[in-house]
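Trainee: The listed protein sequences correspond, in order, to chains A and B. First residue of the first sequence? That's 2 in my numbering, and the numbers climb one at a time after it. First residue of the second sequence? That's 96 in my numbering, and the numbers climb one at a time after it.
Fair warning: there could be bad hints in the mix.
[Unchecked claim] So, partial list: chain B residues that the calculated Cβ filter (under 7 Å) puts toward chain A:
hint, residue
1, T186
2, D188
3, D291
These are computed hints drawn from the structure, not numbers from a lab. Here the structure is a predicted model, which is why all the values come from computation and not from measurement. Ideal Cβ positions, reconstructed from N, Cα and C, are used throughout, including at glycine.
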Amino acid sequence: MATRNRRPELEPPDLSPSTRQSSRTPPRINADDPRFAAAAQLETHDAYVRGVQEGRVRVVNPDTLPRRPDQQDEAPPRRRSPESSLSTKVPESVMQQLRRRYAETGVTIRNQILIALRKEGLEINEDDIQDERKRPRR
Amino acid sequence: MAIITFAQVKGGSGKTTAAMCTVAELVARGSSVAALDLDPNRPLGEFFQRVPQLQHVEVAVPTSERRVSALVRELATRHDNIVIDLMGAATNDTQVAMALADLVIVPSQMSGTDLKCGVETWRQAIEAAEISNRPIARGVLLARTSAGALRPRVESFLREQYKRVGAHVLATAFGDRAAWKEMTYSAHIPHLHDRDSNAARNFISVFEEMMALIQSGAREVAAA
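Please model the complete structure; the sequences and the hints are all you need to start from.
Mentor: In structure tokens:
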């Protein structure tokens, strides 16, 4: 007597929530996206004064308060700590990325490294992350 | 890529909790994310350091030399998503952070002051979109609402009031649960550590609505 073929068991599919990013997410924002220029317009002293006059700004964030135009040439705080020179070799690709980032953001290679080290937990004073080249010559 | 700004000119509305939860959900989904903390109390960095899965999240803070727009531009070269948490007041940063955003979320609790300030924040977001000459998706997130099945009368009333001024309110509200209050002490984030919990389901639903708003904003940009 022929045996009946048993139908294979039905396996429940994985219905757990996807942990991958949705493919609908828009692509990464370009550094020259016009939104950055528009936002920068709102960070000027004039925009701040207008905001106060029109009641949009009622509290000042001291970290981001725009300087008055006549303060623009004031010297930024000086680096506080004595400095030692450091010379090392890094892969050319890393150097290229550091240069590219400097071109895009204006953050010097020295400061990019210090910021990365601070993120890793090294104690680095904010005043020591200054671009001394921006100081007016006396 | 999305820049999500949590804004509300009133303090204590749930901005920081919602921002923390959003970063955690993006990490849970394997997305690259950084945060910009514009609250001088700096709650984000301190919290992320306590959660092993979030310790790698870069948290930027502005200085007089590193302005908000420059910082965000810099972060955008390295990360797919940026979450901005503003100070709970009408500050000089409010519209800057809005003008940078793809999505502005206005958390609002249910008091009259929350409503009044929420509407003001909503109007500032509209103005920021006009100044930056591009559509910015936005939504009001009702926070600390009753987590029970019944919607209290005041919540329905609040939804009507926001609707009256043309503000879009997310269908999902951020429920009032002990899990969100305990989160900063226990470092246990429901949607990162226990995705089947009710609190996790609640926030995932909020997050999905936020993503849908960004998507609708992207379609508006494409159509413009």
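Trainee: For the restraint on D188 (chain B), tell me whether the closest CB of chain A is nearer than 7 Å.
Mentor: It holds, given that the least Cβ distance between D188 (chain B) and chain A is near 5 Å, below 7 Å.
Trainee: A closest beta-carbon separation below 7 Å is what the hint needs, so does T186 (chain B) meet it against chain A?
Mentor: holds, 5 Å
Trainee: Take the shortest C-beta to C-beta distance between D291 (chain B) and chain A; is it under 7 Å?
Mentor: violated, 9 Å
The structure fails hint 3 only (numbered hints given earlier).
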